[in-house]
Every structure is written in structure tokens, then in C-alpha cells.
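Please work from the sequences and hints to get the whole structure.
Residues per chain are reported as follows:
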Amino acid sequence: MKTLLKIAWRSLWRNRRRTFLTATSVFIAMVLALFMRSMQLGSYGQMIMAGVNQTGYLQVHDTGYQENQTIERSFFYSDSLFQKIKRVQGISRVLQRTETFSLASYKEKTKGVMISGIDPIEQDKQSHLSKKIIEGKYLKPGGHSIVIGDKMAQYLNISVGDSLVLIGQGYQGITSYGIYPVSGIFHLPSLDMNSQLVYMDIRDAQEFVYPYRPGILSTIAIYVNKDDNLTNIQNQLQSKLGKKFEVISWKVILSDMLQAISVDNISGQLMLIILYIIAAFGIFSTVLMMTMEKRKQYAVMISIGMKRSKLISVSIMETILITLIGIILGLLIITPILYYLHLNPIPITGEMGKMYLEFNIDPILPFSIKPQLFIAQASIIFGLSLLSALYPIIYLSRFNVLNAFRH
Amino acid sequence: MNMRKRQFLKWSLVILIALMGINSSLSAQSLTAKEVVNKSYHLFLGKNSFSVMTMTIIRPNWQRAISMQNWSLGDEFYISLITAPARDKGQVFLKYQKDMWNYIPAINRRIKIPPSMMMQSWMGSDFTNNDLMKQNSIVSDYTHQFVSTEKIDGYECWKIKLEPLPAAAVVWGKIIIWIAKNNFNTLKVEYYDDHNKLIKTETANQLKMMGGRLLPTHLEMISNTKKGNKTILDIKYQLFNLKEINKGFFSIQNMQRLRPRKI
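So the sequences go chain by chain: A and B.
The numbers in the working numbering rise by one with no breaks, and the one at position 218 of the first sequence is 218.
To convert a position in the second sequence, counted from 1, into the working numbering, add 1000.
Treat each hint with caution, since some may be false.
[What the hints assert, rightly or not] Per the computed footprint, the stretches of chain B lying under chain A, defined by three or more beta-carbons under 8 angstroms from a beta-carbon of chain A, are: (1) 1067-1078; (2) 1081-1095; (3) 1112-1124; (4) 1216-1224.
No lab work stands behind these hints: they were computed from the structure.
Virtual Cβ for every residue (Gly too), placed ideally from N, Cα, C.
Now the structure itself:
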């Protein structure tokens, strides 16, 4: 075996230039595929994290709210409900939210807005809203104030310290109204949020929506420690809370985004397939040349009693060696680059950057360095080279010594 | 010559019979469908009007009653003052030509309802802001066609089909309306969407003499898509052609000053 390997290694270096070129084609395919996939998967991961950070991994609503998000499908806070939720293992944070649509008016301007009642302190630990305030101050618990997006402030021509009038429809058809001073103006990555979202203390929002009974809620957002056992937690919650509540996973809440991702992913995979086909033909042509070139050598060796199976294993080893050189070189060079880009993502500017903002994503190009990614690319290319090695196997097993001499 | 004369007589006889046929199949007054709808629409208007009504919103697990007084001038000016329940008392809605305003005394602010909110429900009822704003649309934005004659609550009615004009900015794909032949009251309306699906049904009954006119006092708007959702309007009092109502009454400034009228 060792001798065979030695023979394979030597015969590789008999034609250095060719070996070098083949290894390079594998290397380039490897580097391009990894770079592309790393960028794609990285940006998907980023989109998902940005979304989940807002929505929570799971949301508990009154059954039917996901389909038809009206204030009519609200429910009321109860200690027993939260006890039930907190008893489930693996939950890191539980946030209450009261959300409703309303009209916001300042002087002569009026626009439709979304009011999001949050726990100012707990929510901030999750989404760091207080760091996004560009003017004024963040919400103070019980401060009876609001923070609004910079785009909305610009449209309504309102600034910190002015009071915004909110008029909407509350629970069970009551008219909701209130005047709230603007304590701060935030800037989030999303244009939608900057132009439509009004954050206020959840107690103010509850008072706004239904003043007759405290604790009205539209959503309980649940964050988990590890998302591996999310389905398990979801099932536990659903069975504990019963039919009156629905437990929705972020995959449903963000299904639009996931769909966009899977469409994009297919286009990425198509590109990869083209890349692989090119690499596979590069390897195959070398294998073909090597086999043809050694026709006479094979004939002599078989004539003096060399087993065909040994010749076959030598040629397979040659193929594997070339591919391995390419793969290892590729990994050695691309891994540090990807790691660097993972730590220092490329910022995106211009039109593309704006598009990212509209999808509520930071305009940067992050790179994924998941080990699965590297393993998958290396093994696909390795598999392709093994496929090329089929040619010498077939050729040698049908090899006719006399014919070979005649040429 | 004789031949021609005979032919002329023959044709005029045919035309005459045809005309008589059309005439008798319609009505004695020989109104067009559009005129009938227009006449029915103006029954509630007068030159100006004042009314007192209670609106009851019925939902599967709650219901709520709102009392109000309304003033109108033609079909371009309209003002509503909420008198009950206590939380909403004093709220005023003003329709001023193409704009709609809302005044809330508790915070002493008035806001203009933006066009994007026109399809939202009004005060949580089955009426949209648009229903209140564009009532005349039923005459001007549709083609009108007699379908048949049907009886509703013992009243002989025209059944009229309304289809939107190509350029009209309306939400309905089709409206079917039943109008009583002898008093021109609209007794039933069915609203269909673009896919010919029945969305809501409006019925009117309990006709009484109010302000010198025979008018329905009990109106129901029933949602056909949301089970158990309906809105009832009970008209308690109605006056027409008041002397003191003029254009100045329907001003933004008057929203703050408006007080309930003693009946």
C-alpha cells in the first residue's frame, strides 16, 4: 500500500505543471464556493437574528391574533398565566407587549401609526432601544411619554418636548385618545419602523386601549437560551396554556422573510452547481490525460505480471492526491480571510444599503464561519474527484494489452 | 303611395305597442332607475336636516350603544355630536366637503382624518368613515338598472342593480338596492365586492312619519363576512329644513362650541 502511494505521488510530480494546474482549478472552485456560501449564509443569519430580536423566538397570543391582528383579540395579564410560562425550561426572557393601530396628530398633520407598549427596562435589555435614541431621552417607566422614529418626527414636524395626540380605537369599540409628550426620537435600521412606530410604556398603552381593566395584552414575546429545542418549548407552552392561546414560532411570524431567503438560496445553489461542473471537468480532463499518457506503461506492467487492481488503486490515489492538494490549499487560504470578514463585515452603501435598511437589516455583509459550510464544500468537491476516478477504473478493467502496444 | 302609407302605419303601430309595453312594465311615473335611487337618497336629506339617533354595535361577545345628534346641509356638510356614553360625550365628527374632522373634548384637540383611514370603521361600528363621507356616491358613481319587482315587509319594491362606472373610485363591485314604490324609501341594500361576494347587508324598517316624511326608524347593517357582527341605528327624532342651519354652522370652529339641541 505504502509503495503504491509512493508510486502515485511520484507519477503526479512527473508532470508538475499539469498537477499544479489541476490543483489550482480545485483550489479556485473551493475558494469561490466557500466565499459565496459564507456570504449568503452569513447574511441570512443576520436577517433572521435581526427579525427574531424584535419579535422573540416564540409569541403567545389570543388564538386567532396571528391571522387577524386587531385589538379585539387581546387578553388580560394574570399571574397564573405567567407562572405557567416561567415553569417551562429553557426560556431566557418573557416580554409583555400591547400593540394597536392609531392616528397620530400634531398641529395640522395626521398619520396612521402603530403603538407598541413595551416594558421600558426589560425590552431594552433585549433590543437595546435606548442606544438607538438620537435625540432626547429614552422612555422612563411611568413617565407617560413616548419615543418616536426620526422619519415620523420629520413628517409631523414634531420635536422632543412637543406633545403628540393619539386617537384610535380601543378594546371593544371604545374610543382611545391621549396626549403624550415626545421624550426621545429613535433611529432604527428599518424605514418602516422609523416612520410608523410609537413606543410607550406598556402601562400607558394599556390605559390608552382599555382604561376599565388593567393588564390588557396583545403579545407575550418569549426568548430562549438555545434555539435547538425551540419546537420542544413551543409544544410544552401550547399544552400548558391550552386552546385559548396560540404559541407561534418566529418561523411563522417571519415567514415572508424566510420565503425571500429560500428563493435567494436557490439562486445561490444554481451558481454553485455551475461552479462545481467547471471544477469537475477540470479534474476529469487531467485524469483522462494521465490515463491515456500511461497506456504503454500500463501495457508493460500488466505484461510483466502487475495486477490490474493495483494499477487501478494507484490511479485513484493520484486523483485523490491532486484534489486534496487543491482542497487543503483552498482551506488554508480562504479560512483566515473568511474569519477576518466574519469579525469585520463589509459595510454596504448606496442603493443596496438602502434596500437592506428597508428590510430592517444593518447594511453590512456578514460572513458565516459555520463548520458545516466548510465540510459540505470540501466533501462535495472531493466527491466530484472520486467520480472522475471512475474513468481509469473502467479503462483499466477493459484494458487490452495488445491494442496498447500496437499504437 | 298607398303601399308606403300602409307600411308607415304598420311601423308606427309596432313602435307604439313597443313603447306602451316598456312604459307599463316600468311604472306609472316612468322614472329611470337612477332617478329612483336619487329620489330615495334625498328623502333623508332635505335642504338641511337634524336627527337624534342611537347606534348599537353588536359583536359576538360584547355590545355597545352610542347616542348622537346629527345635522346636515345638502350632502356636503354633516356634523355629528356624541351624547352618550360618558367617555365619548362631546366628541364631534365634521364632514366638510371632502374632509373629515374629529374633535375630542377630553383632550381639547381636533384632528383631520387622513384619506388612508377612510376604510377604517367609524366608532367601531360596521360603517366605515367612507360610508359617511361618500353617501352620494350611490347616485353618481354607479350605473343603475331595474332588475325586478319584489315585496319587502309588505311594500312593493323596485329591485335595482348598481354597477360602478369605470372611472369611479369605489370599493364595491356591485350593489343591489330595494326601493319601495309608493314612498321611495330604501328598504334593503346588499353590498358585493369585486368577486361578487356579499360583504354586508343593510335593512331598513319600522316606517313612521318624522319631520313630515314617512321614513324608516330602524336600520341594521349586518356583516356577511364576520359572523355575529352588526350595527343597529334607531332614529328617534328627525326634522327637515330648519331655518337656523346655515353653512357657518358646519365650521371647524363650531366643533368646539357645539352643544346638544333640546328636543
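To see whether the hints hold, each was checked on the structure:
1. 1067-1078: It is violated, with 0 qualifying residues against the three required.
2. 1081-1095: With 3 residues close enough to chain A, the hint holds.
3. 1112-1124: Held - the region 1112-1124 of chain B has 9 residues with a Cβ nearer than 8 angstroms to chain A, which meets the minimum of three.
4. 1216-1224: violated (count 0)
Taken one by one, the earlier hints fail for this structure at numbers 1 and 4, listed in ascending order.
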